[in-house]
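A.B. asks: The residues making up each chain are set out below.
2 protein chains.
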Amino acid sequence: MTAAADTYAPTDRTVPTRSRERASYDKALVHSILDEGYVCHLGFVRDGAPVVLPTLYGRIGESLYVHGSTGSRPLRATGDGVKAPGLPVCLTVTHVDGLVLARSAFHHSLNYRSVVVHGTAHQVTDPEELRTALDALVDHVVPGRSADSRPANAKELAATAVIRLDLDEVSAKVRTGGPNDDAEDLGLPYWSGVVPVRAVNGTPVPADDLDPAVALPDYLSAP
Amino acid sequence: MTAAADTYAPTDRTVPTRSRERASYDKALVHSILDEGYVCHLGFVRDGAPVVLPTLYGRIGESLYVHGSTGSRPLRATGDGVKAPGLPVCLTVTHVDGLVLARSAFHHSLNYRSVVVHGTAHQVTDPEELRTALDALVDHVVPGRSADSRPANAKELAATAVIRLDLDEVSAKVRTGGPNDDAEDLGLPYWSGVVPVRAVNGTPVPADDLDPAVALPDYLSAP
Numbered sequence: 083m084t085a086a087a088d089t090y091a092p093t094d095r096t097v098p099t100r101s102r103e104r105a106s107y108d109k110a111l112v113h114s115i116l117d118e119g120y121v122c123h124l125g126f127v128r129d130g131a132p133v134v135l136p137t138l139y140g141r142i143g144e145s146l147y148v149h150g151s152t153g154s155r156p157l158r159a160t161g162d163g164v165k166a167p168g169l170p171v172c173l174t175v176t177h178v179d180g181l182v183l184a185r186s187a188f189h190h191s192l193n194y195r196s197v198v199v200h201g202t203a204h205q206v207t208d209p210e211e212l213r214t215a216l217d218a219l220v221d222h223v224v225p226g227r228s229a230d231s232r233p234a235n236a237k238e239l240a241a242t243a244v245i246r247l248d249l250d251e252v253s254a255k256v257r258t259g260g261p262n263d264d265a266e267d268l269g270l271p272y273w274s275g276v277v278p279v280r281a282v283n284g285t286p287v288p289a290d291d292l293d294p295a296v297a298l299p300d301y302l303s304a305p
Numbered sequence: 083m084t085a086a087a088d089t090y091a092p093t094d095r096t097v098p099t100r101s102r103e104r105a106s107y108d109k110a111l112v113h114s115i116l117d118e119g120y121v122c123h124l125g126f127v128r129d130g131a132p133v134v135l136p137t138l139y140g141r142i143g144e145s146l147y148v149h150g151s152t153g154s155r156p157l158r159a160t161g162d163g164v165k166a167p168g169l170p171v172c173l174t175v176t177h178v179d180g181l182v183l184a185r186s187a188f189h190h191s192l193n194y195r196s197v198v199v200h201g202t203a204h205q206v207t208d209p210e211e212l213r214t215a216l217d218a219l220v221d222h223v224v225p226g227r228s229a230d231s232r233p234a235n236a237k238e239l240a241a242t243a244v245i246r247l248d249l250d251e252v253s254a255k256v257r258t259g260g261p262n263d264d265a266e267d268l269g270l271p272y273w274s275g276v277v278p279v280r281a282v283n284g285t286p287v288p289a290d291d292l293d294p295a296v297a298l299p300d301y302l303s304a305p
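Heads up: the protein sequence lines correspond to chains A and B, in order. Going by our numbering, the first sequence opens with residue 83, and the numbers climb by one from there. Going by our numbering, the second sequence opens with residue 83, and the numbers climb by one from there.
Possibly wrong hints are sitting among the right ones.
As the list claims (entries may be wrong) - Capping the alpha-carbon separation at 25 angstroms, the derived lysine to any residue pairs in SDA-like fashion look like this:
| no. | chain 1 | residue 1 | chain 2 | residue 2 |
| --- | --- | --- | --- | --- |
| 1 | B | LYS237 | B | ASP250 |
| 2 | B | LYS237 | A | SER101 |
| 3 | A | LYS237 | B | GLY269 |
Calculated from the structure, these hints are not laboratory results. Because the structure is a prediction, the values reported are computed rather than measured.
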């Protein structure tokens with residue numbers, strides 16, 4: 083594998099105007115950030131104004147799939163992927179890893195990992211790709227789950243639209259570590275450091291109507 | 083207080099095309115969702131294409147404040163708030179509360195709370211409003227922290243831009259509860275229910291250069 087294949091090529095849109103040292107184009111890093119998130123924030127333009135909606139997504143290789151009803155606004159705008167030009171979108175996934183408390187108000191920050199994807203989304207029309215994408219969406223929420231649930235039937239497939247956004251114009255941005263206080267502030271009497279933040283899963287709660295004979299699957303049990 | 087003052091007036095942009103029963107215009111609910119988040123996703127249009135960036139924010143009453151460097155792209159686009167028309171934005175905050183596992187792949191979902199704000203952002207130019215907004219940004223990360231850190235000096239204030247977005251065209255969307263499986267699927271042998279998800283703060287980690295004599299403040303101690 084060549085070095086070029088391991089990274090996304092930077093573009094005007096993916097080189098930040100500030101904190102450039104936090105930017106990365108490493109594919110493995112981008113994939114890991116994407117795979118850890120539950121929702122993305124999908125931006126598109128409607129009537130000249132921006133719209134940002136949270137939505138489920140999944141990843142297969144270098145493609146992201148975003149799920150929705152066939153009646154939803156962004157999905158209708160993408161057209162059928164063959165005749166339509168597609169919908170320009172920006173898809174962003176962010177994890178907050180810590181609260182950074184500096185001596186100075188100015189240097190307060192967050193530790194975070196984010197991925198921003200620019201591109202054009204197309205509606206998935208191939209039946210086989212649609213089924214694969216729906217599996218990826220379910221497995222993104224809980225790995226292994228698509229094989230342990232009832233697959234979509236014809237009626238459900240007809241009511242579901244999925245759009246694909248290829249990973250091409252992509253960047254990650256990561257902040258880690260402690261506060262960056264100015265030297266002259268180090269003696270000030272304010273506590274400084276980082277409060278770690280993380281998302282944790284609680285104990286699974288069975289549905290009210292679950293047959294008690296159905297055991298909690300291994301993929302939901304604590305490791 | 084009248085009923086009207088407790089809610090935002092729905093508009094074409096804030097009435098969803100689907101799952102309308104999940105939408106709310108209740109100000110108290112919107113405020114609670116906004117106040118719990120650490121980052122928002124700010125969408126704007128650049129060269130005709132959407133851009134979605136994660137960023138810190140704070141709230142004072144019915145105004146949101148978003149922080150950035152004076153050199154950052156969205157902030158430059160807002161102009162000075164007096165001569166410029168402002169920047170159309172969409173600001174979204176989302177909390178994931180649970181993974182909803184249904185018997186059918188189709189009914190998999192997330193429990194979540196989100197707020198979407200449409201409007202026009204203006205750069206804050208009044209020095210007093212700027213200071214107040216910066217305090218709100220710091221206190222949004224850790225309530226009470228702005229009073230326990232060094233306030234911004236003149237140089238820092240000059241390097242900081244803050245934009246204001248008033249809460250006017252706003253909606254919340256909330257999904258709670260268990261899976262909504264179809265009646266004919268209830269007997270399928272798949273576990274169904276909800277895996278709760280929440281963000282938790284870990285033990286604060288002091289900065290490497292923190293004077294050991296500086297104690298952990300009460301607002302960071304476990305309750």
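A.B. asks: Does each hint hold? Answer for all of them.
C.D. replies: Evaluation of the provided hints:
1. B/LYS237 with B/ASP250: The given pair, whose Cα atoms are some 33 angstroms apart, is violated under the 25 angstroms limit.
2. B/LYS237 with A/SER101: 19 angstroms, holds
3. A/LYS237 with B/GLY269: 20 angstroms, holds
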